[in-house]
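FYI, the numbering for the sequence shown is 1 to 504, going by my numbering.
Hints were generated in silico from the structure; no laboratory data involved. Just so it is clear, the structure is predicted and the values come from calculations on it, not from any experiment. One should not assume that every hint holds.
[As the list claims (entries may be wrong)] Under the rule of at most 25 angstroms between Cα atoms (straight-line distance), these lysine-lysine pairs were calculated in the BS3-like manner:
id, residue 1, residue 2
1, K248, K202
2, K78, K202
3, K486, K403
4, K232, K248
5, K78, K111
6, K78, K241
7, K226, K241
8, K78, K91
9, K308, K202
10, K202, K226
11, K111, K91
12, K226, K248
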Amino acid sequence: MTTTSTAGRRAAIYARISHDPAKLGEEPSDDAPPSPRNGGDGLGVTRQEQDCRELAAQLNLAVAQVYVDNDTSAYSGKRRPGFEDMLDGMKNHQFDVLPCWHTDRLYRSMKDLERLIDIADPHDVPIRTVQGGELDLSTSAGRMVARILGSVARQESEHMSERRIRANTQKAQSGRWQTANRAFGYTLHGVPLEPEASAVRKAALDVLGGKSIQGVAREWNAAGLKTTMAGKTHTDPHSKKQFVIEGKWSAPSVRRLLVNPRYAGLKTHRGRTFPGDWTPLIDADTHRGLVAYLSDPKRVKCTSFERKYMGSGLYLCGICGDGTTMKAAMPGSAKGRENNRKTRAYVCRAHSHLLRQGAALDDYVTAQILDILSAPKAQLRLENQGVDLDDLTVRRQTLVARKDGVRRAYNAGALDEAEYFADLADIAARIADVDTQLAAATRTSPAATLVAAGAQMWERWQAMTPTERAQAVDEIATVTILPIPKGQRVAVFDPAFVRIEPKR
């Protein structure tokens, strides 16, 4: 590639910004100094494009294409769609000259530079920059300069990253409220906001009491509570079409909110937790319980799953032991078949061994469970069974600190790879055990709430969701559906073929 006149040739502009405040809904403060973060120094993609168009006009170039990577780092190693499209266009002779604002907008890694050299040189595509003039990749001296500029840009990125990490650590340690967008339950300045704050407190207790996060999402949507992104305009990354965010709650969005340490007045940074200076909506013990409960792989499915029927996946098949699944079926009634009417039934999930009337079975189990809970000897503890939450918390913090120590020892060469991974696995298992105890200690027992209701036990049971009822049943008894002898009509419910075994 040689330096030649560019007059009358086609140009493709490339623009990139690492962090776009407008894209994230942020507004930089009026007194913020110019920086890549707030779009100063001409680094905003719009300003970059304007400057590059002025350069193209000076060089008598016709701008044929503009490639943009908005909110994309050239240092992180992540794929840059605009950069990849630009290389493809260069390969396919779609343009003749590449103007950009500065070389660090184009590349910051040696890998990207070498790819650029391999394509730009043989295809004779000169690179012109607003800030640095021409980048000549056709000579060894030019390539050396390009590599030096790339090394300098990479060092600047690494140095900026180090400063950012230190600044973020200092901000976390200060405990000050800081968020780009308003957090649900709070004003933009960290003051509890009703009715959202009360909704968060209630949801935390409800989930620990057995309510599904899908149920919480449904309740919030019915109450007209919106996410804080409601009404904002977003661009679909695939279709590039803009749409207004509706602000509906879903199980994943509720889960993310409930495990956020912000609501317990805490800030986390790089694995460390710091106290915040704002009013928490829930206490730290409740937060730890929610995190442990909602993060437990064994519970992830059941916390988001909203049962339609109490016994789904709860009642056991007396032949194979699998949980049954409620589905529509006709248990054998001739009248039902004639009227093409389906009756709810429980059917063995795995092999369809058993078929039992759903409503009759649920009514029988309900009567037996409430009878067990009404007995004078029902001694269900309403408190945390003597668990020391402070002790569990200290144990968890000690294990986390030990994990950090293992990493430091490995980095220092004191541990080999096998020892390192073995120690990490052991610590992870111990942390998981503590988390399980924390979750169990902070959860509200559905069965205990029924006992506490006393004479209003039936009313409390009626107010429970199928999920909460199932949890109460599972807490105190195992329900097994037994096979019915041949010759007996399946459509006739017989409690003799249902076994209920108390667990306590």
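Okay, the hints, checked on the actual structure:
1. Between K248 and K202 the alpha-carbon distance is near 18 angstroms, which keeps this suggested pair within the 25 angstroms criterion.
2. Straight-line distance between C-alpha atoms of K78 and K202 comes to about 40 angstroms, which puts the hinted pair past the 25 angstroms bound.
3. Taken as a hint, the K486 and K403 pair is broken in the structure, with Cα atoms around 60 angstroms apart against an allowance of 25 angstroms.
4. At roughly 13 angstroms between alpha-carbon atoms, K232 and K248 fall within 25 angstroms of each other, so this suggested pair holds.
5. Proposed proximity of K78 and K111 is supported: the alpha carbons are some 12 angstroms apart, at most 25 angstroms.
6. For the hint pairing K78 with K241, the CA-to-CA distance comes to about 23 angstroms; that is within 25 angstroms, so the pair holds.
7. A distance of roughly 23 angstroms separates the Cα atoms of K226 and K241; the hinted pair therefore holds under the 25 angstroms criterion.
8. A threshold of 25 angstroms between alpha carbons decides the hint, and for K78 with K91 the separation of about 21 angstroms falls inside it, so the pair holds.
9. Straight-line distance between C-alpha atoms of K308 and K202 comes to about 22 angstroms, which keeps the hinted pair within the 25 angstroms bound.
10. Note on K202 and K226: the hinted pairing holds, with a Cα-Cα distance of about 16 angstroms set against a maximum of 25 angstroms.
11. Distance check on the hinted pair: K111 and K91 sit about 17 angstroms apart at the alpha-carbon level, within 25 angstroms; holds.
12. Proposed proximity of K226 and K248 is supported: the alpha carbons are some 6 angstroms apart, at most 25 angstroms.
In the structure shown, a violation is registered for the earlier hints numbered 2, 3, in ascending order.
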